[in-house]
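Start counting the sequence shown at 152; every next residue gets the next number (this note's numbering).
Derived by calculation from the structure, the hints in this document are not laboratory data.
Calculated pairs, EDC-like style, for lysine to aspartate or glutamate (alpha carbon to alpha carbon, straight line, at most 20 Å):
1) Lys-220 / Asp-242
2) Lys-291 / Glu-341
3) Lys-291 / Glu-333
4) Lys-220 / Glu-281
5) Lys-291 / Glu-323
6) Lys-220 / Asp-231
7) Lys-220 / Glu-350
8) Lys-220 / Glu-333
9) Lys-220 / Asp-241
For clarity, every value in this text was computed on a predicted model and none was experimentally measured.
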Amino acid sequence: MITLRTATLEDVDAMAAVEAQSWPSGMAADATTCCCRVSAYAEGQLVAVQDDEIVGVSSAQRITESHLKQASHSYNEVTDSNRFTASHSDDGAIYQLIGVSVLPRFRGLNLGRQLVDHQIDRARGMAGIERIIGFTRPAKHHEQAHVPMTTYISLHRASGMHVDPVIAFHLEAGARIVSLHEGFRPNDAESSGYGVLIEYPVR
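Input sequences plus hints: build the corresponding full structure.
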């Protein structure tokens, strides 16, 4: 049975191992980064555990509206280079979903959805939260690099599902696309460096 709980500093090595198997090279949070995240905002760091093994990780922080406006052009700016040390605010009115990671052998079990939904439910129960957002990745754009990103984020299959599985992951769960950010994450070649700001309803 897989259970979800708040991460602790004792988990950071295992969290980093999950991240390393879930993200493109250079984009995963290492153990030092995971330690910074837990130290900055433990409540926003979730782990999925089976038989004492961490098999999934989800991360979030609280930020202010002013920080979002000032830093929305850059992943490193909005996340303090992935650490949250300077970006997180305990009384921030915005709950920012950062990422979800699942070990390859546990994919297909809807675990990523459970982790994100748990984050959203937690945010909805918090005092002072006015928005729930995330900067997601148009992760398959490199397969259709000839298509302008402004067109790509509106493409759907005949079934109605968005052509990009990462964007679809959020839209099918009730999120909406807010804005597109060129150069948001320059090292994300799969997404052509773009970030897509999405927002979930608070209520």
